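Colleague: Numbering of the sequence shown is given in this note's numbering, commencing with residue 8 and proceeding in unit increments.
Because the hints were derived from the structure by calculation, they are not lab data. It cannot be assumed that every hint is accurate.
To be verified - Cross-link-like lysine to any residue pairs, in silico, SDA-like; alpha carbons within 25 angstroms at most:
#1 K192 x A207
#2 K195 x P171
#3 K83 x P33
#4 K195 x S169
#5 K195 x D206
Stated by the list, open to error - Computed spacing ranges between beta-carbons, pair by pair:
#6 K195 x Q84: 25 to 31 angstroms
#7 Y180 x Q84: 22 to 28 angstroms
#8 L32 x L211: 28 to 34 angstroms
#9 K195 x P126: 39 to 45 angstroms
#10 T176 x A34: 41 to 47 angstroms
#11 L32 x G201: 42 to 48 angstroms
Just so you know, these numbers come straight off a predicted model, no measurement behind them. Just so it is clear, CB atoms sit at the ideal spot from N, CA and C, and this is done for glycine as well.
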Amino acid sequence: MKSFGRLGVLLTMLAGLEVGRAATLPATLINDPSGISDYDLVGQGIDWWSTHGVCGTEFPHTATIRVRGTLSAGTKQLANDCAVLTGYHDNVVRDDAYAYFFSNRQLVRKALNAAVGDPAQPLATQGFVPTLPAAQAGAVLLLDNGTLYWGRYVSGNVDLYSMPADGSTAPHYIVTFVAGDEIFKMRKFRVSDGGVDIDALAVLFANG
Numbered sequence: 008m009k010s011f012g013r014l015g016v017l018l019t020m021l022a023g024l025e026v027g028r029a030a031t032l033p034a035t036l037i038n039d040p041s042g043i044s045d046y047d048l049v050g051q052g053i054d055w056w057s058t059h060g061v062c063g064t065e066f067p068h069t070a071t072i073r074v075r076g077t078l079s080a081g082t083k084q085l086a087n088d089c090a091v092l093t094g095y096h097d098n099v100v101r102d103d104a105y106a107y108f109f110s111n112r113q114l115v116r117k118a119l120n121a122a123v124g125d126p127a128q129p130l131a132t133q134g135f136v137p138t139l140p141a142a143q144a145g146a147v148l149l150l151d152n153g154t155l156y157w158g159r160y161v162s163g164n165v166d167l168y169s170m171p172a173d174g175s176t177a178p179h180y181i182v183t184f185v186a187g188d189e190i191f192k193m194r195k196f197r198v199s200d201g202g203v204d205i206d207a208l209a210v211l212f213a214n215g
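Construct all of the structure, not just a fragment, from the sequences and the given hints.
Modeller: Okay, structure coming up:
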């Protein structure tokens, strides 16, 4: 996965969409020398991260997590560690109090008000210690309504699990995908079938 050092965001005023009105030009919002693998808009703020942390090799690499409460606020460095976000497709999700991510294949959380040097808190994933199998460096996370979702990739299959973000219950098995690769993106959405609303997941795999 490519890592970019600059994040450009196009802020377009609604008036600029009217006929005869010029749209606002793109502006560079963030320039991060540590690199930017991906980002997420959270409320009025923004989070971004650089993945593929590598420890103890000839070519180590430090992964990073940065957050801003608003787009124009100062940047808070939440993590700067070779042991976090070790997979190329790893991401970060958060609620009002914690950021959630993988570190050394273990699902962890870290308080948003913690210092960069403070350790993350492992979330107990009963039956899986660490959370991910040995051959899986990291995983994509989804946080929806207080529930975390992730996939365990083993022998070409992805087993999808969910768990409360507070770790109050063990991971719940949902379904197995015969995918041939790991999950690249996940999004939750709602569809209506015969007047009944159904919550569903859209899953994109790394092999397309």
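Colleague: Confirm or reject each hint.
Modeller: Status of the hints after comparison with the structure:
no.	hint	in the structure
1	K192 x A207	14 angstroms, holds
2	K195 x P171	16 angstroms, holds
3	K83 x P33	24 angstroms, holds
4	K195 x S169	13 angstroms, holds
5	K195 x D206	7 angstroms, holds
6	K195 x Q84: 25 to 31 angstroms	29 angstroms, holds
7	Y180 x Q84: 22 to 28 angstroms	36 angstroms, violated
8	L32 x L211: 28 to 34 angstroms	31 angstroms, holds
9	K195 x P126: 39 to 45 angstroms	30 angstroms, violated
10	T176 x A34: 41 to 47 angstroms	44 angstroms, holds
11	L32 x G201: 42 to 48 angstroms	46 angstroms, holds
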